[in-house]
Amino acid sequence: SQTIHQWPATLVQPVGSPLSLECTVEGTSNPNLYWYRQAAGRGLQLLFYSVGIGQISSEVPQNLSASRPQDRQFILSSKKLLLSDSGFYLCAAGRLGGTGELFFGEGSRLTVL
Amino acid sequence: ILNVEQSPQSLHVQEGDSTNFTCSFPSSNFYALHWYRWETAKSPEALFVMTLNGDEKKKGRISATLNTKEGYSYLYIKGSQPEDSATYLCAFIRSSNTGKLIFGQGTTLQVKP
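These protein sequence lines are chains A and B, in that order. Residues in the first sequence are numbered consecutively from 1, following this note's numbering. Residues in the second sequence are numbered consecutively from 1, following this note's numbering.
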């Protein structure tokens, strides 16, 4: 089965500072990769997904960006964090095509002060 | 904009009660529907992946049905136990098959012993 490693687990950053959250996947090749965010009191909002190396689709206009430099590596970044970027971020991997279940990382809690 | 709606938002039941929740999704261009259970301090875990109209799936005391023509899925829990307490999420994929999963906001279930 797939294992999703995500780090850091907790992050407290000042407004205007950069961000890098990293996600790596074991146990599969050529997965679909996803970044989701759960803001307080809300469900999972899809931020980015990728069907292959260098292929990134952005779902909502925002202060964040994503990159997939390797098949099983997915990075979420920001050049300058905003207060509204605070939340719980989850990386997920799924079978290409989307019919298979998603496997999630343990999440990263970001607090922007 | 794809809207996936779940109801109720939260639910409190007594141990032994049976319960059900609803997931509504766009009925056009259906590809797949997923159900996940998200326990506190853990990652979401897949319960079911459903792809065919009329699908019924079961795992222990939990079962799900799917109606793609009218755009809804029900999740049933028979004889709820305290360990069933979690947030239950559904996610929808359209037939464009980009692998893009859109989640509902979840139903949070609390089972009192």
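Please note that the accuracy of each hint is not assured.
As the list claims (entries may be wrong) - Below, a list of computed lysine to any residue pairs in the SDA-like style, where the Cα atoms sit at most 25 Å apart:
1) B:K57 - A:R95
2) B:K100 - A:G52
3) B:K58 - A:I53
4) B:K57 - A:G100
5) B:K100 - A:P69
6) B:K100 - A:Q13
7) B:K100 - A:G16
8) B:K100 - A:T3
9) B:K58 - A:S57
10) B:K42 - A:L11
11) B:K42 - A:W7
12) A:K80 - A:T3
13) B:K42 - A:K79
14) B:K42 - A:V15
15) B:K100 - A:S78
16) A:K79 - A:G100
17) B:K58 - A:G87
18) B:K59 - A:F88
19) B:K78 - B:K100
20) B:K100 - B:N3
21) B:K59 - B:V13
Read the hints as simulated data drawn from the structure, not as lab findings.
Hint numbers the structure violates, sorted upward?
-> Structure breaks hints 3, 6, 7, 9, 12, 13, 14, 16, 17, 18, 19.
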